[in-house]
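*Asks:* Assemble the complex: chain A is given as a structure, and chains C and X must be docked to it using the hints.
Here's the letter readout for the chains.
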Amino acid sequence: MLRQTVQHLEIQTRGRGFYDFTGQLRDALSKSGLKTGVATLHLQHTSASLLIQENADPEVQRDLERLFSRLAPDGDPIFRHTAEGEDDMPAHVRTALTTVNLSIPFVRGELALGTWQGIYLWEHRHHPHRRYVALHLLGE
Amino acid sequence: MLRQTVQHLEIQTRGRGFYDFTGQLRDALSKSGLKTGVATLHLQHTSASLLIQENADPEVQRDLERLFSRLAPDGDPIFRHTAEGEDDMPAHVRTALTTVNLSIPFVRGELALGTWQGIYLWEHRHHPHRRYVALHLLGE
Amino acid sequence: MLRQTVQHLEIQTRGRGFYDFTGQLRDALSKSGLKTGVATLHLQHTSASLLIQENADPEVQRDLERLFSRLAPDGDPIFRHTAEGEDDMPAHVRTALTTVNLSIPFVRGELALGTWQGIYLWEHRHHPHRRYVALHLLGE
Chain A
60 MLRQTVQHLE IQTRGRGFYD FTGQLRDALS KSGLKTGVAT LHLQHTSASL
110 LIQENADPEV QRDLERLFSR LAPDGDPIFR HTAEGEDDMP AHVRTALTTV
160 NLSIPFVRGE LALGTWQGIY LWEHRHHPHR RYVALHLLGE
Chain C
60 MLRQTVQHLE IQTRGRGFYD FTGQLRDALS KSGLKTGVAT LHLQHTSASL
110 LIQENADPEV QRDLERLFSR LAPDGDPIFR HTAEGEDDMP AHVRTALTTV
160 NLSIPFVRGE LALGTWQGIY LWEHRHHPHR RYVALHLLGE
Chain X
60 MLRQTVQHLE IQTRGRGFYD FTGQLRDALS KSGLKTGVAT LHLQHTSASL
110 LIQENADPEV QRDLERLFSR LAPDGDPIFR HTAEGEDDMP AHVRTALTTV
160 NLSIPFVRGE LALGTWQGIY LWEHRHHPHR RYVALHLLGE
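Chains as they are written, first to last, in my numbering: chain A, 60 to 199; chain C, 60 to 199; chain X, 60 to 199.
Only chain A is shown next, with the shape it has when bound in the complex:
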């Protein structure tokens, strides 16, 4: 019998960087009691992203930071929306270049992730922020 739950996950960031919340998601799935279905995640912000990426070598995350900083540097003179700081518009660009939505099937109570996949909140602002993810679980 299919059923659903909706809740919010809260993730406190310490500024720009990657925050692995795979464990938090696993806990929510476990508590739901659902074994097979699909998890939908929606980040309620426009200056941070949801990203599935390699969870083995932390150098991957630093390389992603460097590359995205080259695509949209802080303080880039191309930007006019600068009232909130040099990192504000680059944060919007990084969010547009990635995503704020994820949909991940789960089976036998486990997310169908690959061996090396972790689920990250990618904070794009330099200041700490409290971020919220709406989580919809559907299954049986």
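Do not take every clue at face value.
Sample of chain A residues with no beta-carbon within 10 Å of chain X, all distances over it, derived [stated by the list, open to error]:
(1) R73
(2) D79
(3) R121
(4) F127
(5) D135
(6) T158
(7) A171
(8) H185
Here are the in silico distance ranges between beta carbons for each label pair [unchecked claim]:
(9) C:D86 / X:G76: 40 to 46 Å
(10) C:T64 / X:P136: 27 to 33 Å
(11) C:E143 / A:V166: 41 to 47 Å
(12) X:R125 / A:R121: 24 to 30 Å
(13) C:E199 / A:H67: 15 to 21 Å
(14) C:P117 / X:R189: 16 to 22 Å
(15) X:E69 / A:R189: 39 to 45 Å
(16) X:P136 / C:T174: 39 to 45 Å
(17) A:Q66 / X:G76: 38 to 44 Å
(18) C:D86 / A:T174: 23 to 29 Å
(19) C:P132 / A:E145: 22 to 28 Å
(20) C:A142 / A:T174: 38 to 44 Å
(21) X:P136 / C:P187: 42 to 48 Å
Bear in mind the hints are in silico, worked out from the structure with no lab data behind them. None of these values were measured; they are calculated from a predicted model. For each residue, glycine too, the CB sits at the ideal point set by N, CA and C.
*Replies:* Structure of chains C and X alone, referenced to chain A:
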């Protein structure tokens, strides 16, 4: 008792730019009578995107245009697929760099959007187009 | 009466490039017997993407390759995570710039794709890989 509906939204564009259709989506959700669930949107085109972005300062959209135009300029000599015009291949690139799919939970009849989030169709072609979004609503 | 199925699709790549698996997805949908609902696809890798793009002119794919190679060239000296080769970190970047998740409604047994949309696995590594997509079908 979970149930679903599928329909199409139609969005008429006036050329390159951002078209906020959050209201159109809210209307469809309201008419469905569903209170809790998940909305899945799929844009049926390869030269426009679905984007969730800030809905407060319109300068954000102009900055996004400028930045994406730098990543993939109209008429970039790197492109060979040019039969449909200088903006054709940049439109495909912008679509690849963003997305054509969104999945957004809703609760108490309201989309679980953040305060500053609007849902946009981002038209990448300079000519006006009629764009179609397949909308699947699931919930109770 | 809503019901769901979960399965895995397997896609063998021959190195960097686009692999259209729309037919494989259509077959899975047809076998499920579901007529109306939503298909959720999750690619279980961090160096390949799922992409919906034009399926008419193959030049589009070559142009996408060229453009993404300019954004994140193989062997770019900005990268430190290089142990697995010059194409490893560019593959992670391309995956971050695109997506590993798709959600596509279907109606009357047909995916709600646009006329020119094909569903691709975009392999970013030069060596052949066996790639897995978790496929969740929900509907009636």
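*Asks:* Return holds or violated for the Cβ distance of E69 (chain X) and R189 (chain A) against the range 39 to 45 Å.
*Replies:* Since E69 (chain X) and R189 (chain A) have Cβ atoms about 41 Å apart, the given range 39 to 45 Å holds.
*Asks:* Cβ-Cβ distance between P136 (chain X) and P187 (chain C): within 42 to 48 Å?
*Replies:* 44 Å, holds
*Asks:* Verify this label for me: T158 (chain A) is non-interface relative to chain X, using a Cβ-Cβ cutoff of 10 Å.
*Replies:* 6 Å, violated
*Asks:* Is it true that the C-beta distance of R125 (chain X) to R121 (chain A) lies inside 24 to 30 Å, as the hint says?
*Replies:* At 27 Å between Cβs, range holds.
*Asks:* Holds or violated: the 38 to 44 Å window for the beta-carbon distance between Q66 (chain A) and G76 (chain X)?
*Replies:* 40 Å, holds
*Asks:* Verify that the Cβ of H185 (chain A) lies farther than 10 Å from every Cβ atom of chain X, and report whether the claim holds or is violated.
*Replies:* The assertion about H185 (chain A) holds, with a minimum of 20 Å to chain X.
*Asks:* Determine whether the non-interface label on R121 (chain A) survives the test: each CB of chain X must be over 10 Å from its CB.
*Replies:* Check fails; 7 Å does not lie beyond 10 Å.
*Asks:* Is it correct that the beta-carbon of D79 (chain A) has no partner in chain X closer than or equal to 10 Å?
*Replies:* 13 Å, holds
*Asks:* Verify the CB-CB distance for D86 (chain C) and G76 (chain X) against the hinted window 40 to 46 Å.
*Replies:* 42 Å, holds
*Asks:* Note whether the CB distance of E143 (chain C) and V166 (chain A) lies within 41 to 47 Å or breaks it.
*Replies:* 43 Å, holds
*Asks:* With 22 to 28 Å as the target window, see if P132 (chain C) and E145 (chain A) comply at their CB atoms.
*Replies:* 24 Å, holds
*Asks:* Does F127 (chain A) sit more than 10 Å from chain X, CB to CB?
*Replies:* 8 Å, violated
When each numbered hint is compared with the structure, violations occur for hints 3, 4, 6, 7, 10, 14 and 18.
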